[in-house]
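Construct the entire structure; sequences and hints are all you get.
Each chain is listed here by its residues.
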Amino acid sequence: MLDEKCKVLVHQEIGSGYRYLIVEAPKMAAELVPGQFVHVKVPALEMSALRRPFSVFDATDGMVVILYKTVGRGTAALNGVQEGDEINILGPLGHGFPTECSGTALLVGGGFGVAPLHFLAKRLPGKKILFAGGRTQNDLLAIDRFQLIPNTELKLATNDGSVGAKGFVTLPLDETIAELKAKGEKFELFTCGPDGLLKAVTDRALANDAPGWISCDRHMVCGVGACYACIQKTVRGNSRCCIEGPIFAAKDLIWE
Amino acid sequence: MIDTKVNLGGLEMATPITTASGTFGYGTEYIGAVDYSKLGAVTAKGIRVSPWPGNPMPRHAEVYGGLVNAIGLQGTGVEHFVDVTVPWYRQNVKVPMIANIWGGSIEEYAEVAAKLTGVVDALEMNVSCPNVKAGGHTFGQDPKVLNEVVSAVRKATTLPLIVKLAPNVPSIVPYVKACEDAGADALSLINTIPAMVIDIETRKPVIANKTGGLSGRGIHPAAVKLVYDAHNATKLPILAMGGIYEAKDAIEFFLAGATAVAVGTATFTNPGIVSEVYDGLVAYCERKGFASVRDLTGALDA
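Residue numbers (the numbering used here), protein chains in the order written: chain G, 1444 to 1699; chain W, 2 to 303.
One or more of the hints may lead you astray.
The calculated DSBU-like cross-link candidates involving lysine-lysine, where the alpha carbons are at most 30 Å apart (straight line), are [what the hints assert, rightly or not]:
1. G:1448 / G:1624
2. G:1624 / G:1565
3. W:249 / G:1484
4. G:1450 / W:249
5. G:1642 / W:205
6. W:249 / G:1448
7. W:178 / G:1484
Please keep in mind that the hints were generated in silico from the structure rather than gathered at the bench.
So, in structure tokens, the structure goes:
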């Protein structure tokens, strides 16, 4: 774990409140594995008590890429960061996704939950299918980037039907699971997104006796396991998302 | 060369800086981000006789200038702490450890203190956690009960014994005296200030426990005042904490009467705070002609 002062190389809005933030962080980029996160000290939040945690969209060539949505005070303040500024980033933090998969990897992302799945898809060998869901086509992110990753098929869903299947991303997911099962093929599930999606994917992993890897994102305080604020109930009790997660095995999670 | 050594009620510290309990896990979590050589001790998260699950989520809310939390003292029990946590800490960190203890009864306090004797380097008794009904706070809100629980722990241990006091009392003096009479070696203050945050859209408390404890920058002047009051009432050394965000904040505590200080909530945004406080403290002593940080204690000109 490092607390690095990182130069902002790119800070680019891509519409609908989503932004890419690319920083120069050679040591961290080399160490990060998909599913881990970084804890960002937002410069304009000096009176604030907390950093903001972000999953990692990519870590390559000495750069760490974050894809984020402006949702509150912290991310709104982060918007003001300019290219060339330096920001403090603590990381790599937490336990990531496994980087091998037996059978087809089904990556299920809701909204900006696709961010760590992009990094994962780049590192996972073998066949992958990305299921990306969002409210509208504006919430389907980085589709062009996923298209560049070899052996990766895309299946999309939007609540308003503007792109892909109309409804939740579990629609195309369930079709694919049924097809794979009919062919007797193995698969594993990897997901990041809103809690409803995480729970739905957990259910499908358990129902099909397939490994499921769930990214549990919580508001965090320390990010390193010191404060016990970001709790997820698991078979081991009250587990800390920041250090025992954020990636949990589906079979270990207890949803309330 | 400024002498940074202090003696906190029998605990020899190479620097007068430790970590506030609950903000630094069990001591190893910040390896890589904190310069441990600038710490005179690490204060671990609260420990009781048996494991404790803590409060439901959400457990915290960020507020302007601070943080409200109601973690609820989730923690491993003393057995795991002694068998696993402390050996792991000793293997990785060469800084004395202060264990923070709490219990649901006087007997539990004494039991955990006895079990940690010979294991850690000092004990800090939490009698002031605002977030757990059975543990802590009730013992710190009545000087007579406080005297009883501290006396019981005193009999159970030979370790340097620090008692952490609650800030929300009309006068700190009777509590200081109760600890003194019971044989405490040092005092620490302040714990968090009871607080509440409401979501006006849902009309519900933000924290599942409804209320919590306020820490961070905003509580610093209140803490300085209580350290000043306590120092005027006792010769016991004081470990001061509450809203240290820069060296200046720590120096205020020393001038008000502290022998040592703890950084807490600031670590969450800035793990470098430990080094910043150390460097700033040394620079201040050099600039003002103090040969030792011990000379700062109570050096207020008032």
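Taking the hints in turn, this is what the structure says about them:
1. G:1448 / G:1624: violated, 48 Å
2. G:1624 / G:1565: Since the Cα atoms of residue 1624 of chain G and residue 1565 of chain G sit roughly 25 Å apart, the hinted pair holds (cutoff 30 Å).
3. W:249 / G:1484: Given that 30 Å is the threshold and the Cα spacing comes to 22 Å, the pair holds.
4. G:1450 / W:249: The hint holds at about 29 Å.
5. G:1642 / W:205: It holds: about 25 Å lies between the C-alpha atoms, which stays within 30 Å.
6. W:249 / G:1448: Holds. Residue 249 of chain W to residue 1448 of chain G sits at ~23 Å (cutoff 30 Å).
7. W:178 / G:1484: violated, 42 Å
Comparing the model with each earlier hint shows violations of hints 1 and 7; every other hint is respected.
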